[in-house]
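A.B. asks: Each chain, letter by letter, is given below.
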Amino acid sequence: MAGEALLRVENLSKWFEVRRGLLAPPLTLRAVDGVNFELARGEAVSLVGESGSGKTTLGKTVLRLYEPTSGRIVFKGKDVTKLDGKELLWYRRETGLVQQDPYGAMPSFMTVYRILEEPLIIHKVGTREERREMVFKALEEVRLTPVEDFAFKYPHMLSGGQLQRVAIARALILRPSFVVADEPVSMLDASVRVEILTLMRELQEKLGISFIYITHDLSTTRYFSERIFIMYAGHIVEKAPSKELVREPLHPYSQALINAIPDPDPENRKRLRNVPPGEPPSLINPPPGCRFHPRCPYAMDVCRRQEPPEVEVKSGHVVKCWLYAKG
Amino acid sequence: MSAPGAEYGLKGVVRELLSYKSGIVGLAILALLVAISVYAIVAIPYEEAIRLWRGQEAMWIDNPRTAAPEWVEIFVGKKLPRTIRLDSRVRETGVSKTVIDLPGTGMRKVLIEYRFRFDYDEPPSELNIFFFSNYTGSSAPLVRLVWRKPSGEEIELLRYGLRAPDDKLYVSISDAVLSNLVSYYVSKYPVNVSERVTVLKLLFGKVTGKSLESGDFEVEKGDYKLTVEATVFSKDVDLDAKLVVYGTVHGIAGTDHLRRPLEIPLIWGAPIALAFGLTASLVTTFLQMIIAVISGWYGGWVDSLIQRVTELYMVIPFLPFLMLISTFYKIDIWILLAVVIILSIFGGGIKGTRALVMQLKEYPYIEAAKAYGASDFRIIFFYIIPKILPPVVPGLVGAVPGYVFLEAGLAFLGLGDPFLPTWGKVINEAYSNGALYRGLYYWVVEPAAMLMLTAFAFAFLGFALDKIVNPRLREL
Amino acid sequence: MGDVALSVRGLRLYYGTRKGVVRAVDNVSFDLRRGETLAVVGESGCGKSSLARAIIRLLPRNVHTYEGQIILDGQDVMKLSDEEFRRSVQWTRISMVFQGAQNSLNPVLKVGFQIAEPLMIHKGMPKEEALAEARKYLRMVGVHESFADRYPFELSGGMKQRAVIAMALIARPQVVILDEPTSALDVITQANIMNLLKTIRSEWGLSYIFITHDIALSSELADKVAVMYAGQIVELAGADEFYTNPQHPYAQKLMASVPSLRADKKLEFIPGAPPSLINPPPGCRFHPRCPYAMDVCRRQEPPEVEVKSGHVVKCWLYAKGG
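Residue numbers (the working numbering), protein chains in the order written: chain A, 1 to 327; chain B, 328 to 803; chain H, 804 to 1125.
Please note: incorrect hints may appear among the correct ones.
Quick list of the computed label-pair ranges, beta carbon to beta carbon [claimed, not checked]:
1. Glu-244(A) - Lys-939(H): 44 to 52 Å
2. Glu-10(A) - Pro-1084(H): 53 to 61 Å
3. Ile-1081(H) - Leu-359(B): 56 to 64 Å
4. Lys-822(H) - Arg-114(A): 22 to 30 Å
Note that these hints are calculated values from the structure, not bench results.
Positions of the beta carbon are idealized from the N, C-alpha and C atoms, including for glycine.
Let the hints inform the model, and build the full structure from the sequences given.
C.D. replies: Structure, rendered in structure tokens:
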């Protein structure tokens, strides 16, 4: 992508140890396995995948909420993979998180005002009066107005959509340069989703923040991001500009994903969808070679044996598939 | 700013509490106990309470021994004697004092007359005369006592010389008085006198031949007069005397075997019980909570260590251990409190709270706090504890009676604070003086009732709080 | 399409709560033909799940009002006692796939037994026979029959969903209610389940009532669409009509808020929040959020207007002389 990379993720992995019992040796769950990508300043990227594909783990690992198992995270030219103490606090200030469950994401015993003030207090930003200004401004930004009506409410007095606005305000109040939004609208009603996504997009563009928008819903992504990454079983299998990916997906999995998504169309009821059978593999014992090969209609011999390379088929369109490998 | 948050404020909690019957009852009893405590501390300061309770210098000498409270009359349906005090040093009705100089002899005659009305259904419990004279050397005054009954009979009870300037004459147990009375009546009614006859029965009973023989007397109601006729041997010597006719009932709470009024320990027991119970429960709960949060939050070896210590603590038998300590060291109540707290900080409560913290750890709002840089300390005290506090509070309130009873139990076993007037102490003394065996039920019932009241107050509050905090219980 | 399988008339289901009476289903009427699918769409809290429960009579304890007609094959089953309904209608003539079905399986019972249970309970079939039947149905929904002897945790999300569908079909009902049947599943699995439901429908001539918040997904099965808002059906139309030309302002807005993967369109959203079912606004319940609200909308409940044959809109905009 054009522009200087704000964030560069190199060969990042996050494995979890799963204990089965007292004596059995722990198993390794490879939630994220050797992921590479770059994110430009002010760019919004959608990270799309099914549940269990590792997309949430990837988002949280990049934010250093999980300790990476291996690989590197370079942010603003600085290796943040192993930061701690004061420097980690700097990274925390530079990054933000919007979560899926707006109710669970709020401390129920704090007022909205306090919730928004917390990050400012932690990072020792401003005086009391200055912080008050900032909190009110943040509420205005997410259009919870009149702000006085919302500032002193407790989370349970607000609707899911309103809470998600508070969550966005909280993620942005420190003016981070990079935000991860993890399924920010999947628990909201359809009519509210668009509103929240539009608001997020607006603020992202206005403040020039880089965004990773994690979602399982491919249909919303092209409205809200420049690029889409498709994730399957711990790998990013395709990276491409949004429109291009939707128009001509290259990876067989991306194709299946797009085939599976209906648009409202009365013709839908008359035909069956062309989707592969089966379900994603276990991440504890993923299939060798390409992880999609057991479901892939084009699976070749090499797919069963060897992990596919990342191939840049066109400029800015990368796919991890043997079908596109040279030779 | 406060209106929307009222639900979380004290006001809101009280309002919620009042919407449950158990909450109202609990709060009402608690308010009563607090009122009693405040009264106790203000009206009888701590030092004063201890002094009164130790009862040195015969300060309770005018009180009857083991007298029931006055209100027992309602239940027995009889008029029970109150204590009558007549003191010649005080100008009061019923007492008269005349001093006659015996010319030429240098002697004086002091004549003190006590008149009182006795119309109770039972004889008094004791009768004592306390003398106050200022003679020196060997010329002790000679005293003659004459008793006049409502019927007009006059009986000379005793003639004797004072043995000390502040001599006391325990009339009701004086053998000399008894033999004088018996010989007076035997000369009147020549019968075999029952062994059950006592001074008090002869003084206050309707004496007939029959009653002398049986030993059962009916009280002779009416106006009595006691004359103290003293001869002193110097113009400078004076003599005064105080007559105390002890009742069988006293005050609102009665007295114990040392004549101390029981309202002192009953009232003072309240602040002690509340302070002990609340402090023990509060400190234990909070320490347990903090330990549990640390254990749950940090995990790893910290967690393992705390869990093992907790399990060890749970195996140690708490009460025997406490008894052991109290037996070897006569400890006061505040040290006892500290010991109780130390013995309970690694209690079972840690397990439940830790499980709660383990759950909370995974909550999105905690993750969010981490994401914007909150420190472990901040997360523990500003994010986790406020969340787990509400479910912990009913338990805290509910644990108070346990500690109150623990203190009472130790006091009952004689292992409590040796000086403080507490409810447990009262029960202990009642027990060791055979209160129940002697039918002195009030002595046990009163402190027991206070203990129960305290237990009820906190139990009811605990129930109501639990309903508020755990809304699932509301429907039941 | 054949004759009417299920006809609902003036159905009401109110709940009594501490805060007041919740009018979850408020005077709902529709017809469902044999082999036809009615999609009921609406936002959460619009009463669509309560409608499902009212039809199959699985009611919570705090029911305040439960009235209307439910005519199944010419018989008004509302007249049956609870016991009769349970014996002769529930599961054997109307069955249901519940929301979050993956969690509705009992974790300690084998899958095959759970699928066979309706046969044993509602039809009194002997256990061996019922279990054999369960294996047959499991195969039919695309799960290997060896899974009949497994416990739910050994099945993937998609397989559990298929098992639950087998359970709903095993007693051979005429009408199956699908309440958000794919809510927790991934899109590819969801598409697979939709394919399965389509195949079964065309082979059996079943009628579905498909309850969903996802309009795009509703078009996968719907022959007819009912849009619910605040306990009422505000638009009822054939699928060809509805997806191309919705009439009610709420339905139009809802359609406009659906992101499309393929078509380029501008997304819209509906400002404001759905009303409370305890104290719905007077007149038309949508009027506070409606861009076309007129005076009459605020005062009087709109009539049901048949704008075309089989296309009914509950809105003043379409009332004659309005």
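A.B. asks: Evaluate each hint against the coordinates.
C.D. replies: Cross-check of the supplied hints:
1. Glu-244(A) - Lys-939(H): 44 to 52 Å: 47 Å, holds
2. Glu-10(A) - Pro-1084(H): 53 to 61 Å: The hint (53 to 61 Å, Cβ to Cβ) holds, given that Glu-10(A) and Pro-1084(H) are roughly 56 Å apart.
3. Ile-1081(H) - Leu-359(B): 56 to 64 Å: 41 Å, violated
4. Lys-822(H) - Arg-114(A): 22 to 30 Å: With a Cβ separation near 28 Å, Lys-822(H) and Arg-114(A) satisfy 22 to 30 Å, so the hint holds.
Going down the numbered hints, you'll see the structure goes against just number 3.
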